[in-house]
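Asks: All chains should be modelled from the sequences, with the hints used to inform the complete structure.
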Amino acid sequence: NSHKRFANAFPKYCELVDNARLYCTNAVGGPPRLIAWKDGNSKLLVDPEDIDCLKRVSSLNPDAESIYELYPDPSQLSKPGSVWNDVVLVPSRPKVQKELSDAIRRIEKAQPKN
30 NSHKRFANAF PKYCELVDNA RLYCTNAVGG PPRLIAWKDG NSKLLVDPED IDCLKRVSSL
90 NPDAESIYEL YPDPSQLSKP GSVWNDVVLV PSRPKVQKEL SDAIRRIEKA QPKN
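Going letter by letter, the sequence shown gives residues 30 to 143 in this note's numbering.
Hints may contain errors.
Simulated DEER-style distance windows between Cβ atoms [as the list claims (entries may be wrong)]:
id : residue 1 : residue 2 : range
1  : Gly59     : Ser31     : 19 to 25 angstroms
2  : Gly69     : Arg134    : 50 to 56 angstroms
3  : Thr54     : Ala132    : 22 to 28 angstroms
4  : Lys33     : Ile133    : 18 to 24 angstroms
5  : Arg135    : Gly69     : 48 to 54 angstroms
Quick list of in silico lysine-lysine cross-link-like pairs, DSS-like style, CA-CA up to 25 angstroms [claimed, not checked]:
id : residue 1 : residue 2
6  : Lys84     : Lys72
7  : Lys84     : Lys33
8  : Lys127    : Lys67
9  : Lys84     : Lys67
10 : Lys67     : Lys33
11 : Lys33     : Lys72
12 : Lys138    : Lys33
13 : Lys41     : Lys72
14 : Lys108    : Lys84
15 : Lys127    : Lys108
16 : Lys127    : Lys138
17 : Lys124    : Lys138
18 : Lys67     : Lys41
19 : Lys108    : Lys124
Hints are computed from structural coordinates only; laboratory data are not their basis.
We treat Cβ as the ideally placed atom computed from N, Cα and C, and that holds for glycine.
Replies: The following block contains the structure:
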């Protein structure tokens, strides 16, 4: 929920300050990427592709009970730039993927069926 509030507030916050920087830290083992910045009296500048990450976070469902309920449009999970796609399901992490898959199956089996 704090991520969602921050994502919604960041553009307004930038109107109130002289300088601001926003970094994306989704890259596993990689350096943070600068995705938005403001210097002095200039307006907020953004990397159009990378700022979509902030927009997606601003629409998170804080009451989601599964990955498929996180976004208003579940197809966002499979789009490029999705943390689910680019970090969790990345092919170089088979052990983590198996652990996650097993955990999801256990949770789904434990939930009562409607």
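Asks: For every hint, state whether the structure bears it out.
Replies: The hints, checked one at a time:
no.: 1; hint: Gly59 <-> Ser31: 19 to 25 angstroms; result: 23 angstroms, holds
no.: 2; hint: Gly69 <-> Arg134: 50 to 56 angstroms; result: 53 angstroms, holds
no.: 3; hint: Thr54 <-> Ala132: 22 to 28 angstroms; result: 23 angstroms, holds
no.: 4; hint: Lys33 <-> Ile133: 18 to 24 angstroms; result: 23 angstroms, holds
no.: 5; hint: Arg135 <-> Gly69: 48 to 54 angstroms; result: 53 angstroms, holds
no.: 6; hint: Lys84 <-> Lys72; result: 18 angstroms, holds
no.: 7; hint: Lys84 <-> Lys33; result: 9 angstroms, holds
no.: 8; hint: Lys127 <-> Lys67; result: 41 angstroms, violated
no.: 9; hint: Lys84 <-> Lys67; result: 18 angstroms, holds
no.: 10; hint: Lys67 <-> Lys33; result: 21 angstroms, holds
no.: 11; hint: Lys33 <-> Lys72; result: 22 angstroms, holds
no.: 12; hint: Lys138 <-> Lys33; result: 29 angstroms, violated
no.: 13; hint: Lys41 <-> Lys72; result: 11 angstroms, holds
no.: 14; hint: Lys108 <-> Lys84; result: 14 angstroms, holds
no.: 15; hint: Lys127 <-> Lys108; result: 21 angstroms, holds
no.: 16; hint: Lys127 <-> Lys138; result: 16 angstroms, holds
no.: 17; hint: Lys124 <-> Lys138; result: 21 angstroms, holds
no.: 18; hint: Lys67 <-> Lys41; result: 12 angstroms, holds
no.: 19; hint: Lys108 <-> Lys124; result: 23 angstroms, holds
Against the hints set out earlier in the document, violations occur for numbers 8, 12.
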